[in-house]
Structures are given as structure tokens and as C-alpha cells.
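Could you put together the complete structure from these sequences and hints?
Number of protein chains: 2
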Amino acid sequence: MSHLQITTNFDDSRLEADALKYRASIPSIHRFLEEKVGEPTGWLDAPVEMTTDQIDRILNISNEIKRNADVLVVIGVGGSYLGAKAIQEALSPYFKKHENGIEVLYVGYNLSGTYIKQLVESLENREFYLNVISKSGSTMESSIAFRVLRQYTQERYGLKAAQRIIATTDSEKGVLREIAHAQGYRQFDIPKNIGGRYSTLTSVGLLPVAVSGIDILQLLEGAKRAAIELKEMNAEKNTAYLYAIYRNVLHSRGYQVELLASFEPGLRFIHEWWKQLFGESEGKDKKGLFPATVNYSTDLHSLGQYVQDGNPILFETFLHFKDVAEDFSIPYSLLDDDRLNYLSKKSFNEINQIYKKGTILAHSEGGVPIIQIDLKRLDAFHIGYLMYFFMKACAMSAYLLGVDPFDQPGVEAYKKKMTELLVVETTAN
Amino acid sequence: MSHLQITTNFDDSRLEADALKYRASIPSIHRFLEEKVGEPTGWLDAPVEMTTDQIDRILNISNEIKRNADVLVVIGVGGSYLGAKAIQEALSPYFKKHENGIEVLYVGYNLSGTYIKQLVESLENREFYLNVISKSGSTMESSIAFRVLRQYTQERYGLKAAQRIIATTDSEKGVLREIAHAQGYRQFDIPKNIGGRYSTLTSVGLLPVAVSGIDILQLLEGAKRAAIELKEMNAEKNTAYLYAIYRNVLHSRGYQVELLASFEPGLRFIHEWWKQLFGESEGKDKKGLFPATVNYSTDLHSLGQYVQDGNPILFETFLHFKDVAEDFSIPYSLLDDDRLNYLSKKSFNEINQIYKKGTILAHSEGGVPIIQIDLKRLDAFHIGYLMYFFMKACAMSAYLLGVDPFDQPGVEAYKKKMTELLVVETTAN
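Just so you know, the sequences run in chain order A and B. Numbering that gives the first Met the number 0 puts the first sequence at residues 0 to 428. Numbering that gives the first Met the number 0 puts the second sequence at residues 0 to 428.
These aren't lab readings, by the way, just hints derived from the structure by calculation. This structure is a prediction, so every number in the text was calculated from the model and none was measured. Check the hints yourself; a few may be wrong.
Per label pair, the in silico range of CB-to-CB distance [as the list claims (entries may be wrong)]: (1) B:G253 with A:G401: 53 to 61 Å; (2) A:D403 with B:D336: 28 to 36 Å; (3) B:S12 with A:R267: 53 to 61 Å; (4) B:M232 with A:R267: 40 to 48 Å; (5) B:R155 with A:R267: 28 to 36 Å; (6) B:R338 with A:K191: 19 to 27 Å; (7) A:G157 with B:D10: 38 to 46 Å; (8) A:D10 with B:D322: 37 to 45 Å; (9) A:D403 with B:S12: 34 to 42 Å.
Below, simulated DSSO-like cross-link-like pairs (lysine-lysine); rule was C-alpha separation at most 30 Å, straight line [stated by the list, open to error]: (10) B:K285 with A:K355; (11) B:K65 with A:K95; (12) B:K355 with A:K285.
Virtual Cβ for every residue (Gly too), placed ideally from N, Cα, C.
Below, the structure is given as C-alpha cells:
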């Protein structure tokens, strides 16, 4: 049995008819992906091809950081930030965060002067390492944050600063690679054929995640399992391809928004990562589902009203893990003045499951199409599996939509315009 | 001059024509809102009518909590959670959070067993108070969290537990009111004519926010200022009504998604609060703009691609504060190996402003309609002003759309169904 199940509330003869043209395209896209000629599809085999030496190097440096620092400062934006943050938030305890690792702070993903000033101040009296992550090495947010943090590291550690800076960057070129080489920083390579938003399960995501105390061997094991299971060409047996078909069918029926819904608050950044993956891969040529997210039951008291009764432009994808880390029973009360004793044999997670069931029932009755993605347990293995699943599904889905999953022309155009504007604005003053 | 400016990139003769029918409806809706007959519009005058005694009581209890506790645990969901959380995140430092107050933790806004177990464990060895907030007193998430925390408070503080529990609930009825009365908890009243999502600027939001160290007098001052300025019936002089017109015009032109965009990471929960306010007020009768949010520049590396080049179903509303708490200059580098010295006279916030300008230019060229909301400074006064502005704009906007801004039939229907399902599921086992 697969480690991930996918079901829908719209599986009928009409689905078969609407899915036909997508099913027909799958074999050729599948072969194209597998052949990888000139396409940035290095991520497809990365979990399987990663060597013990590569993993050991990540673990060794991670252990060195944990021994010698109170905090790891990760500098990155987009694909160099969201994946690690997502895994960390999903798998760390909510309050005592650093039991098996140390604190990991993220910077260089925004341009707030308040944020970077207060971040640097928070490093006073604490020992730290930097991990600067940038494929190109020239992205504005992370480049200027690195300039600040690098100077601060030199002030704090003098000649030993270079030992505390790890650069994760393109395996062949770029300004960060040059700097790291000249300064003697240790480096992790991002393979040329793996784009930013597909890079989480390489050293990009693995080093920060390992430092935060998460078991990266299990994470990779899950991704490897997914890489093997989802190599299947037959869409009936490949959940990633099924998901790609379902969302394209719904889009072709006129739905404009896909709402990813979960019932565990720690999944909030998995949602953000998913939004980047699908939004950047599919949102081009005036096409693409708009990716949005809700965290239930919280958002039943917010967007729930809209989903139930509002403009019927959306469908929901429920992402659910059956088992989670811990649970808590509703206590019995002698007084029962809140009249909740009828729940006192139940646990919170059991009630959460009932809410999931009730929400799907209510939204189904409200006419909302629903895709369900179910996994067994919220742990490193299944998060690794899920991320690989989403990447493979995204690549297939974008090709089914008729767009290139691996470029980002709008971002490039905007970056170019931005650089021009910066030169004008800085020379004007 | 108003404390908030509103501009658009689509202000032409076509706008005049499209806005005509909305402008025509404004006077009668305005009078209807002002007359408040039987409508839950108590929030309209709440900031002006709040007495010194009421404010002093909040400040006195807040000071007592700060003196006697390390942490305030706020129990609430939806309108009893998002507003306070939003203000706190917007106005607190990013790292050293509790300089003028104490830590405020939120619970009862989700059903995660992991979350509540780890929250209770985090209270060990720390002194705490509870503030349970629920208009009805019977919302599932907050009710069962209150049962747990109340028993834990009794274990920890014995006969003195009641002194550490503050109940904020309906001024007339409900199970929480009964419990608070019987147990001798101190109470804050939520006026009958103020609904959950319009209640932030009452004791619902003010007590937690005051405990976290934020100046609630300034917050109320801003809201009061907005209440006075936005009493204007002439839409040309009332920015809330202008915003209501603009978004309805764009919706009538076929845009389905409104994307609220900001450039300061701390505004993330202001976005969440805005989503609840507009989503729950307008998402009914198969109508309403779908409210979504982005935090730039972070999300220029995520949804930015979609906004620029994707399916043209959205318009953007930029929420911008000119001045923020702190700033940081890009340092000069002798080596200049990152080639960024051309920026070394600039500060992060200056670059952030240039990015805002560049983003608006790029998205305008991409054909995205843009509304700009500008305020002077990210501080308590302007957050108070902004929240009142959004509430007034939302009420007007929903009426212009032809829906009731103050009900939530979908949430009620779902709550009823959920309670039935819970009874079935709990008696079945």
C-alpha cells in the first residue's frame, strides 16, 4: 500500500470523461520527465542518489554547529527559505522548540529594517553560525542580509569568522560561490539541474533542519520511498499523477482557487511552501489555479463562511495526517457547569478528526469539490514523502496545464526591473 | 488631512461610470448604519463612547496581571482571538517581545491535542492568568480549552484560582457568563450589539493587548479619530467608502480575488484578521471577493510569479506604513566582493520602499488593478485607525454587494451540524 492515499467527493462518470485528455497525456510527460534531457529535474532522483558521504557531511557540520552555537542564522529567501522553515515548523514542538537541536532563525527573506536590526541585537551574548543559501548568489534580500551578518560575524569572531559561515550555493558559478572560495567558507553545492523551489530535500533544506533537531535520515527515507513509488507511469497507481489530474479537471470546470486545508496548526509553513511550489510553477501565460490555504478548525471561524456559502470559485484539498505527536484528553468535571462531560472520554485529536469529517460533510453539501490527501503520521518520514509527492505532482500538473513547471519568467522580469530601479534611485540621491 | 490615503491605478472615466450605482447607494446605507436600528453596529461608536472608568478597569487588571504573572493565556477563537493577536504581532518587537509587558499565549483557537498538551507543559514553573473570551460561551474550541486550563489553574492555585481567571463574554447571557458569575471570576462585557469580528477594539482585544505591553490609549485614540473622520457621508471625503466602492467596482468587472499586500513581516496577522472580517462578512449568498494575502518582498519569490503572469482573476490592495519602528543601514565594504557598495548609503527600509514602488510598477504593467492604502506610521494610533477603517469599509462594502455584513449563516449551519455529529460520534463509542 502506498504511504499516501488520495480520494475525492466527485469520483463519477463525469470525472472519467473530463479526465480523459489528461490521462492520455500522462505517458509522454512521464517519459519526458524521466529522460530529463536538458530539464532541471535533478530533484527527481536526488533522494535516491544522495550518498552516505554527502549525508555524513551534513550531519557532521550540523553536530559541529550544535556543539559550538546557541543559534543558527539561515540567510535565504523563496526556495532557500520556505522548505526548511516548513519542515521545522511541522515537526518541532510548539513551545519547547529546541530539545534535540538549537534555535534556527531565518533572515534575508524580507527587507524590513526593523526585523534585521532586532535580529542582530538578539544575537548579542549568544554564539552563532551563519548558513547563507542562494542559488544565484545575487538575490537582493539575502545578499544584503549576508553583507550585514557577515560583517557582524567578523566583528564577533575576528579571524575565526570564516569557520562559522557555511555557504550553500550553485555547484558551478555565481558571486556567492566566488566569495566562499576566496574567504575559505565551507560550501554545500546546489546541483545545476535543481531549481530553487525544488531544492528543499538537498543540502539547502537538510542542514538547517538537522540543526533544529529533526531526523533528516527519516526525512530522506520518506522522500526516497516516494521517489520509488511515484516512478509508476500508470496514473491509477500513481497518487501524484492522480492529484495532478484531479486539480486540472476542476480547473477546466471553471474553479479558479485551490484551497489547501489542514487541521494541525504546525502545518502553516508547509502551506506556504506549497503555495510557492504551485503558484510559481503554474502561474504563468495567464493560467493557473490560485493557491490559497486555511488552517482548520481556526479558519472555520474565518474563511469557513466563505467556503460554505460564498462565491463558488474554489475547491478544497484536505491534507491530513492521522496520527500526530501528542494528545490530550478532555477531563471529566464533577460540576459539569460547561455541559461538556459528554466529551470527557474523547481526546482533542479525536474531536479534531470528527471536525475534519464534519467539515468535509458540510462543505460537500455546500457543493464544494474536495480532494483528500491522507497520510499515516505527522513525522519526518511522511513529511519527506509528502514534499516529494507535491513536487512530482506539481511538475506533472503544470505540464498538463501546458506551462513550464521549472521557469519563473515573471520573477526574472521583475528582478531585472527592480535592479534598474535601484540603480536609478540610488544614483539620484 | 485624513490619517489614511487611498489611491488607485485605475482612476479614469470608466471608473466614474462603473462607480455610479455604488455612489448612489451610499447615502441611504450610510443613514441606515448611523441609525443602527436593531443592527449590531455598537462598534461604530464604541471607541468614542468608551468611558475613562472602563479604560481604567482594563489598565488596572492588566497591571495586576503583569505584576503577578509571567504569562497571560488567552482562550478564544475567531473574533475572540485574531484581533488581539494581530495588534500584538504588528506592534511588538520581532525578537525581544516582552519589554513593556509579559508574554501572551493563545489557545482554544484550534483542536490540536499536541498544541494544548505542550502549552500546558510550558506553563510549569511559570505564574499565569487566564483570559477566556467567548461571546456565546459555547464555541467548542475555546470551551474545551477552558475546561482544561481551568482545571489546571485550580490545581496550581487552589482556592486562589478564581482571582486569576478573567472572563470576557456577552453582557446578558450565555454559559460562560453563568460560570463566571457562580465562580466569582471578574468579567468584561461584550455589548450585545457588537459581533465577534467587530469586537477587537473593545475589552475583547484591549486586555490581552495591554498585557503584552502595547499602549491601548493610543490604539483607542486612533480608532476614535477614525470614527470621527469616517462619519462623513460624502464618499469623496470618506476613505472607507472609497475603498468599498473600488473593490465592488473591480468585483463587478470580474475580478474574483482581492490580494492584500504589505511589506512588513509583522503585519501577517493583520492580514489574517482582515481575511476573517471580509471573508465572513461578504462570503454568502454565493457572492463575495475571495480574500487572500501576501507579505512582500518574501512572497515576490512565491506568489509574485502568479500575480505578474498568472490567471488574471485578482487585484491587489497594498497596505503600507511609511515609517516603521527601527531601521538599519547597509554597511560599506572595502572589499565589495558582493558588489553591493552602490547601496551602502541606503537603509533597509529605503530599499523596501523602492521595492514597493517597483512592485506596483511591475504589477501595473502586468495589468493588475491596484488599490493603495497609505498610513504614516506603524504604531498603535495608526493600527487603531486602520482597524476601524476596515470595519467601516467592510460594512459599507457588504451592503453595496447586497449581503448582510453582520451575520454568518454558514458558520452557524456548520456549528449546528458539528454538534449533532459530535453527539452521534460520542454516544456511538
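- Message: Assuming the hint says 53 to 61 Å, is it satisfied by the Cβ distance from S12 of chain B to R267 of chain A or not?
- Response: violated, 44 Å
- Query: CB of G253 of chain B to CB of G401 of chain A, is that within 53 to 61 Å?
  - Reply: The hinted range 53 to 61 Å is violated for G253 of chain B and G401 of chain A, with Cβ atoms some 23 Å apart.
- Task: Note whether the CB distance of R155 of chain B and R267 of chain A lies within 28 to 36 Å or breaks it.
- Result: With a Cβ separation near 30 Å, R155 of chain B and R267 of chain A satisfy 28 to 36 Å, so the hint holds.
- K191 of chain A and R338 of chain B - C-beta distance against the hinted 19 to 27 Å: Check passed, 22 Å falls within 19 to 27 Å.
- Has the given pair, K355 of chain B with K285 of chain A, been kept, meaning a C-alpha gap of at most 30 Å? holds, 23 Å
- Query: Are the Cα positions of K65 of chain B and K95 of chain A separated by 30 Å at most?
  - Reply: holds, 23 Å
- Item | CB-CB spacing for D10 of chain B and G157 of chain A relative to the 38 to 46 Å hint | 57 Å Cβ-Cβ, so the 38 to 46 Å window is violated.
- Query: Regarding D10 of chain A and D322 of chain B, is the given constraint of 37 to 45 Å on their beta-carbon distance met?
  - Reply: The hinted range 37 to 45 Å is violated for D10 of chain A and D322 of chain B, with Cβ atoms some 54 Å apart.
- Task: Return holds or violated for the Cβ distance of M232 of chain B and R267 of chain A against the range 40 to 48 Å.
- Result: Holds, at about 42 Å.
- Item | Distance restraint evaluation - D403 of chain A, S12 of chain B, Cβ atoms, bounds 34 to 42 Å | Holds - the Cβ-Cβ distance for D403 of chain A and S12 of chain B, about 39 Å, lies within 34 to 42 Å.
- Given a hinted range of 28 to 36 Å, is it respected by the beta-carbon distance of D403 of chain A and D336 of chain B? holds, 34 Å
- Starting from K285 of chain B, check that the Cα of K355 of chain A is at most 30 Å away, please. Given that 30 Å is the threshold and the Cα spacing comes to 23 Å, the pair holds.
Consistency with the previously given hints fails for numbers 1, 3, 7, 8, ordered from lowest to highest.
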